[in-house]
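Student: Got chain A; can you put chains B, C and D on it based on the hints?
If you want the building blocks of each chain, they are given just below.
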Amino acid sequence: MELIRDLFVQGGQMVIVLALAPLLTGFVRKCRARFQRRRGASIFQPYRDLARLLRKEAVLAEHASWLFRSAPYLIFAAIWVAAALVPTFAAGLLFSWSADLIAIVALLGSARFFLALAGLDIGTSFGGIGSSREMMIASLAEPAMIMMVFTVALIAGSTQLSVIAETMTFAHVGLRVSLGLAAVALVLVAVAENGRIPVDNPSTHLELTMVHEAMVLEYSGRHLAMIELSAQLKLLLYISLIACLFAPWGLAHAESPPLAYFAGAAAYIVKLAIGAVLLALFETTTAKMRVFRVPNFLGAALMLGLLGTLLLFVSRTL
Amino acid sequence: MALVIVLASVAALLIANLLAIAIARTEFGSRAIYGTTFIVTSFAFATGAIRLGAPASDLVLPIGLPWLGAHFHLDPLAAFFLAVVNLGGAIASLYAIGYGEHEAEPARVLPFFPAFLAGMNLVVVAADAFTFLVSWEFMSLSSWALVVSHHRERENVRAGYIYLIMASFGTFCLLLAFGLLAGASGGYAFDTIRQSHPQALASLVLVLALLGAGSKAGLVPLHVWLPLAHPAAPSHVSALMSGVMTKVAVYAFIRIVFDLLGPPEWWWGLVVLALGGATAVLGVLQALMQHDLKRLLAYHTVENIGIIFIGLGLALAFRVNGMVFAAALALTAALLHVLNHSVFKSLLFFGSGAVLTATGERDMEHLGGLIHRMPKTAFAFLVGAAAISALPPLNGFVSEWLTFQAIFLSPTLPQWGLRLLVPVIGAALALSAALAASCFVKAFGITFLGRARTPQAEQAAETDGFSLAAMFALAALCLLLGVFPGLAIDWISPATGLLVHGHMPAQRFLPWLTIIPIAESRSSYNGLLVFLFITISATLMVSAIHRFASRAVRRASAWDCGTPNASPLLQYTAGSFAQPIRRVFGTVIFRARERVAMPLPGDARPAALAVEMHDVPWETLYAPIAFAVSMVSRRLNAFQFLTIRQYLSFVFFALIVLLLGIAIWS
Amino acid sequence: MSVPFNPVNLVLLIPLFAAGAFALLPNYRWSARLNVVTSALTFGAALLLFVKRPGSTLLLQIDDLNIVFVVLNTFVAFTTSVFSASYIAHEIEIGRLTPVYLRFYHAMFQFMMFGMNLALVANNIGLMWVAIELATLTTILMVGIYRTHEALEAAWKYFILGSVGIALALFGTILVYMAARPVIGAGLGAMAWTELMHRVAGFDPAMLNLAFVFLLLGYGTKVGLVPLHAWLPDAHAEGPTPISAVLSGLLLNVALYAVLRFKMLLAANGHTFAPGPLMIALGLLSLLFAAFMLYRRHDIKRLFAYSSIEHMGIIAFAFGMGGPLANFAGLLHMTMHSLTKSAIFFSVGHVAQVKGTQKMTEIGGLSVTHPVLAWALVIGVAAIAGLPPSGIFMSEFLVVSSTFARAPLLAIPLVLGLLIAIGALFLKLGGVVFGEPRGSIAPDRASYLPFVAHLSIVLIAGLYLPGPIVAWFRNVASLLG
Amino acid sequence: MHGFDFDVAHLLAGGLVLVSFLMLYQDRMYALINVFALHAVVLTLSVGWQAYVQDAPHLYITAAIALIFKAMVIPAALRRIVERLNIHREIDTVVGIGLTMLAGICLVALSVVVMMRVTAAADPYAREDLAFALSIVLLGLLMMVSRRNAVGQVIGFMSLENGLVLAATGAKGMPLVVEFSIAFSVLIAFIVIGIFLFRIRERFDSIELQALDRFRGERR
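Protein chains in written order, with our numbering: chain A, 1 to 318; chain B, 1 to 666; chain C, 1 to 481; chain D, 1 to 220.
Hints in this document: simulated from the structure, not taken from any laboratory. By construction, the Cβ of each residue, glycine as well, lies at the ideal position given by its N, Cα and C atoms.
Below are the SDA-like pairs computed for lysine to any residue, each with C-alpha atoms no more than 20 Å apart in a straight line:
{"id": "1", "chain 1": "A", "residue 1": "K56", "chain 2": "B", "residue 2": "I545"}
{"id": "2", "chain 1": "B", "residue 1": "K376", "chain 2": "A", "residue 2": "S70"}
{"id": "3", "chain 1": "A", "residue 1": "K288", "chain 2": "A", "residue 2": "P202"}
{"id": "4", "chain 1": "D", "residue 1": "K172", "chain 2": "C", "residue 2": "G187"}
{"id": "5", "chain 1": "D", "residue 1": "K172", "chain 2": "C", "residue 2": "L188"}
{"id": "6", "chain 1": "A", "residue 1": "K56", "chain 2": "B", "residue 2": "H546"}
{"id": "7", "chain 1": "C", "residue 1": "K359", "chain 2": "B", "residue 2": "F641"}
{"id": "8", "chain 1": "A", "residue 1": "K56", "chain 2": "B", "residue 2": "W559"}
{"id": "9", "chain 1": "A", "residue 1": "K56", "chain 2": "B", "residue 2": "V542"}
{"id": "10", "chain 1": "D", "residue 1": "K172", "chain 2": "C", "residue 2": "R199"}
{"id": "11", "chain 1": "C", "residue 1": "K359", "chain 2": "B", "residue 2": "R634"}
{"id": "12", "chain 1": "C", "residue 1": "K359", "chain 2": "C", "residue 2": "G435"}
{"id": "13", "chain 1": "D", "residue 1": "K172", "chain 2": "D", "residue 2": "D123"}
{"id": "14", "chain 1": "D", "residue 1": "K172", "chain 2": "C", "residue 2": "V183"}
Footprint (simulated), chain B over chain C, 3 or more residues, beta carbon under 8 Å:
{"id": "15", "stretch": "161 to 174"}
{"id": "16", "stretch": "385 to 394"}
Isolated chain A, as found in the complex (with noise of 0.2 Å):
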């Protein structure tokens, strides 16, 4: 019964991840549309769009080699499972013991290394400049979410997602002055990783400065399709993961009633909701910046996140 239920559970946030994530993007295009005071497309958009992708054709470029073609099945299933993973409504999942925020962190770096292999594959400029400033943007970035970890890890005493979501809800926290830092370098990184505005813009090509589009710039059809779902997924997960490190409550437990499971639902759904607001008005409000501003940019979510940890080093009670 209890297995029945987790596996269910489980099963049901890799399905609502899956479904949520194009919903997410179209939600943020309509909010940043509306802000800009235009009308938009659809919220449902980006479904249409991965639809008629996975329709067309795929054309490959005559030298594209296997790992062109399975990069972006292997990227999707790697952002998949970490975002199935992260608890969303649902605290204590099936198989959260499997992996930890750590290994979270890692799998969004081999999704990484596989899309940055195959911007290089085709041998364009483009693709290398995209892959070689994802992987730069990336080699700062990664310190600095790990750093973030810590903060968190060494506040709940564990690294395991559910863990901390719940010592973050019942147990008395109280704001601290490091947790801030943490979230405020979480946020930064967040934005570099998923190739927002002011780093990159996700909304456009024929611009020198674009990273993450140069990379995927040979891809059509169904891979396009799946680099596309992948990056809204990555985006969905790390609101998610805000969510459930700063913001956890609502979070249903494993020996929570039924009930609890759709209140944590209704609850993740309006999180999303204010982080697709909040990052759209972002995105309005700030301009982007050249690529080598970026590194102080990412750098100084570095500096956040390690003197958070040195607070917490230093003294507990910070």
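Tutor: For chains B, C and D alone, coordinates are given in the frame of chain A:
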């Protein structure tokens, strides 16, 4: 018994070594020799792997120091490193059965290869200072001979020279360390040393051990020889030097500091941690700047050594404060990384060797597109690259994850210095991991992906079966160690038990072979499930899409934002790939400067971009020493050109001085 | 003395008569062969000492210390004679030597051997002095044998410095006698080692101090300790290579042996000042000076001559440190160094002959053209640089480790010097042995036996030392204090 | 040993030192050679006196050797060399004669101090004798060091050996070995020098050491 087997295999290797001198030039010489070494080292590997759990055994041979004899000792630690050494040795031999065929002058390689293996084996089982140092230096000397085997390039001879100097320096440091440990009475046997812990100058011993073992392992700033020497050797030897010999150095450090040396001071951990962190970051940054494939790999060895020493430093710090389990965790992480690194670094060097034989190129800028010509090699190399970049579910990630877990335990350390340093080290570790990932995107992407940049790369062909077998064996190991880390951890635990008197909780009975360092509530990781999830969901997606959505594929020329495709030389190069990172870190660490010569309008000359970078450790540490030596020798050389009368006056003055001494003294 | 079959007498008489015979024998080929035979016989006689060790007379003695050196001496003499046989053949061809000179050469060779053996077995400080003087003079003549400017100049330098040194040594000897006379009474007894060692406790320590100063400087000149070393490099570089081998391998040892004897005397007396610091200072000075000088050498034989100075420094340092370990190491180092260095000179001699030059800049890629010589050179240099498995590594291991345990500050310059020397040696070696071949590629007609024998002994000794020798060395080491 | 013998021996030994100073003072070749002959003669006397006092007949041999070889043969030979090689007649010194003399005095003082301190136990004559011998040895060395041409150096060396002989004979009952060795070493030394001068004559026109130094070791 096990020791007898080990020594017997060493003897067999030495015999093979003598044999090689005779048959090196014959047709089947190389196959015969490498086959022998393969069999012998496989036996030795089995011995080590099985004996890991068993109680220690001793053996004394009537050689070595006359009144002491040669002591040999096989305890779990030795057994572990024995297994690592011989695993590397066996697979390198397997690889070399094929690779050795391409050797131009086998007579310069074959005799020294078995000797090198024998030396490493002896170091691990030696149990008195003399035997240890003899084997140690024997190892260095034979590897030196292998480094200079391609002696017609001046670079290699120079590399060998620098290597030999650093090796001798390290040996002398260890010699001094043992001198302190043994005391004036000369109790050189390790047992004697263990009984009498020399409290005086123990810290000096640590410093000497760091210098001695570190110079061989490649700790910054003693690493300068490594990126020169490792690539100079034939690839299977490079694999051994990078993957295995550096581990022997780690063994030496562990043996001295954890086993022979008495109770540690708290700041030892601090020093080791700082060195490890610096080594990790500097190594990977240096690697990013390289475009010689083998040199890049060599610099990555430096980085991984840094990661291993981070683990060791943590273990020391925990051990001082009696946190047994934490120490065991850190040490396990370090040892596991020793194993992992030896696996994937050998794999990567094999791959580079295959590329070298197929194209005759080590320079990535002249390669590209090899994934089409040599797909199998490419796949194996990709696995290795993913493993060294610490990507789940492969083995590199497990050891780094364990190191992180150990770091999480450090806030409970009482010393402020450690508390302040450890998070920074954590950041450094994360940074090096991320940079390693980007470095291997570059390495694999530029070498194997894209389009061929030169005819050699165009006409490359897949390498031979033995090499492929070796590479795939290692690739499989990368995956297995990543998916079933629990088994490896349990396998190692006797060694940690020996050194820190405690070990991690047994892992092998946990459901789904999860690894749980401390408690499930704290952290857990399950490589197997992650692997299964990824494969399942990927296949699921593929099948679903191919089933319900389109599966049609059309080949066309690359889109590239509509720019018609120019020559392959317009691809992103290694240099351009590393440029953003160089801009971020390089200006400080390499004093990198970019100069753009932009001709005036109407000037026909092409614009030029020149980048100058400095090898800071070399320029600040080694160049001055070399200069000083040459200066002094130039000054002293005047004494060669004096007249007899002046020489006589030396005698005269010496006499006067001594007489004065007598007159004053009595 | 009357028993002609006393091996000691054989060791002395065979070379003496041979010297006379060679002086008369016109055919140099025969004398070359006979030279080998004679040396072999002498070696055999020396081996007999192991079997039947004769008691000591007032003039001659055999004890734990000198038995090893006598055997070593005769052995190296034997191998050197083999080497010189194949060496001079070439010298005759290129007309560097005439048969007349060869006659002289062989006679002098045996005469020198006589002198060295006498110095080793002498039980009388005066007799030892005479013998060393004899050996020196013969070597001086050999060094000058090529009659080139450089050879003559080297010989002249050697002669002047050597005679001054020997004079100082004589003064020291007289002082020792003066110190001994009041106790032992006038006569031969007051100069016999055996007597001196027994009764030394009663000697006037101050007198012994003064004597030791003169003896150290006197015999130290022969040993080649800096700053008394000036003759050594040129003598090695300009003389025929067999003589260089004998100089480095034997003469230095003999002189050092003399110093050791007197040091034992001081140690046995007990009230004298400790000679240790003096020897340590001279040793370190020699080691560091020679190590730096190595870098600037162009002449391959001069290079290894300086390395001899360096090793004499190490040995002096070891004995200066004293203590069972260091003394043992010093004795071991003496034997191993003479074997290794002579082996190196053997191969260097052939190399120089084949390439027709001693300039290292004109020699290269040896391992391509002459693999055996090249690898012999590599092994030799590795051994002389103290890399295992070689006996020299064992001795250096003992010296450095024991020193560092007792006086860490002294070990630092020692290690520094060794490291610098290694650097220089391998720098030069790399240029000579590796890289593209330079110079003539004519095949060498070398006799590999000598250096193969030496090097294999050295390598084996690095891993296994026979029991009796260890026992003798340890006994002597304890006597050395 | 009673007073008179003592005084004579003392006088002769002191005289030997004095003559050494005379040698240091010389700056012309022939004069130097003559003074060296004188040195040898004084040595002969001293040795003879020792032989008489200690009634050790073998010392007469030494005396004879000193007289014949050092006082007659060698000076003659040196004169011939000087003529044959027409070495210019005056000796150029490194430092001025005056300074050399001063140094010599310091050396004598030093040797006296050393000997007095060291040989407190020995009988007074032995002490004085050794002190003189040591100073002669040192003066001989000083001469070798401070003279630029070979003849001067050779003479310095031989005066040094005279000092040794003095010491040896002063040491009572020193066995024959030593005298032999000395005679023999002088002999050999002279022969070898002769050979060398001859050979060098073949090559160069002088035995000025600078001429040799031009061909030193590695200066090519």
